[in-house]
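Hey, can you work out the whole structure from these sequences and the hints?
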Amino acid sequence: MSDMTQTEPGGQSFERDLDKSDKSVAAFEARKRGPLGTIQHVLHGNPTMVPVIVLLISVAVFGLIAGGKFFSAFNLTLIMQQVSIIGILAAAQSLIILTAGIDLSVAAIMVLMSVIAGNLAVYHGVPAPLALLVAFVGGACAGLMNGFLVTKVKLPPFITTLGTWSIFFALNLWLSGAQSIRSQDIDSNAALLKFFGNTITVGNARLTYGSVLMVLVFLVLWYMLNKTAWGRHVYAVGDDKEAAELAGIRTDRTLLSIYALAGLVCAIAAWASIGRVGSISPQAFYEANLHSITAVVIGGISLFGGRGSIMGALFGALIVGVFQSGLRLADVDVLWQVFAIGWLIIIAVAIDQWIRKVSA
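For the sequence shown, position 287 matches number 287 in full-length UniProt numbering, and the numbering has no gaps at all.
Hints are computed from structural coordinates only; laboratory data are not their basis. None of the hints are false.
FRET-style restraints, in silico, Cβ to Cβ: (1) F195 <-> R232: 27 to 37 angstroms; (2) L246 <-> V338: 41 to 51 angstroms; (3) T38 <-> Y286: 36 to 46 angstroms; (4) L246 <-> V212: 40 to 50 angstroms; (5) P35 <-> I167: 43 to 53 angstroms; (6) D240 <-> L173: 32 to 42 angstroms; (7) L329 <-> V137: 36 to 46 angstroms; (8) P35 <-> R182: 58 to 68 angstroms; (9) D333 <-> T38: 33 to 43 angstroms; (10) K227 <-> P127: 27 to 37 angstroms.
With a straight-line cut-off of 30 angstroms between C-alpha atoms, the simulated DSSO-like cross-links for lysine-lysine are: (11) K152 <-> K227; (12) K241 <-> K227; (13) K154 <-> K241; (14) K152 <-> K241.
Just so it is clear, CB atoms sit at the ideal spot from N, CA and C, and this is done for glycine as well.
Shown next as structure tokens:
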């Protein structure tokens with residue numbers, strides 16, 4: 001007989017079969033992690049831990065090698081002074097790299113703005129505060145130019161900033177006549193330009209205002225990236241630009257604001273650089289672009305965008321400073337100092353690739 005004839009009144013045969021079926025909920029076996037996998041997972045969730053650990057190990061190792069000289073208050077504050085300019089540029093570079101871009105023009109923007117401020121204040125009688133304001137606006141406009149070429153003309157960030165690096169460097173030489181502005185002339189006409197070269201002395205420790213400025217820049221940018229909607233948009237754009245657009249984020253506007261802010265930070269670095277060096281040279285900080293990228297990479301910010309903390313770039317700059325200071329105190333030749341930093345960069349990128357496999 002058919003199933004229909006076997007059906008009892010008040011019920012259906014499939015209901016009786018359903019009562020006898022397995023009612024357990026489907027579950028997936030949890031993936032077990034070994035010790036190495038656990039470390040990988042923790043570092044993926046806390047990318048700043050890597051540079052912090054490297055910094056602590058570096059301090060300990062070079063402290064043992066160089067002895068008391070390394071741990072002296074004078075040497076530790078000297079490291080802060082030496083990395084202050086690269087650190088501020090690394091903050092600007094971090095903003096771009098978080099969006100999966102790269103900016104090869106940060107140092108050229110910085111030097112150009114220092115030349116503009118110096119020429120206006122020293123040679124044209126413009127009050128120093130106004131000259132600095134012009135430099136700040138100029139830095140933001142230079143960054144905005146990079147952002148426009150990336151977002152509207154759709155050029156790759158690497159090619160765009162490689163081109164603008166040459167443009168800004170040529171403008172440096174043209175505006176300055178390839179001549180430096182001497183320290184004495186700055187002191188006589190615009191002493192405010194050297195403000196961040198002033199020092200705070202506590203015992204043997206000598207901390208410049210430029211070092212304090214570097215820390216403040218990082219703290220402000222950390223707050224903007226972690227406590228505001230704009231910061232969440234920055235990470236979203238860096239992680240997946242198309243997904244961010246689908247989520248309603250105006251990605252082009254966000255990118256333009258990022259590049260403009262990076263240019264402004266470069267202009268702030270320009271002011272600090274005058275105090276650090278004491279003069280204004282159109283050919284200063286020629287390799288600072290690469291040094292800023294080095295600090296960012298060592299600091300654990302992913303070159304693929306969307307991951308990392310800007311505070312990592314601060315630790316990355318300090319790691320470079322610690323390595324240079326420790327190797328110098330250990331009487332290691334400058335050639336091998338560069339060699340060591342090169343390996344540090346390769347290792348940092350390899351660690352980043354390994355950590356990213358967690359999300360793969």
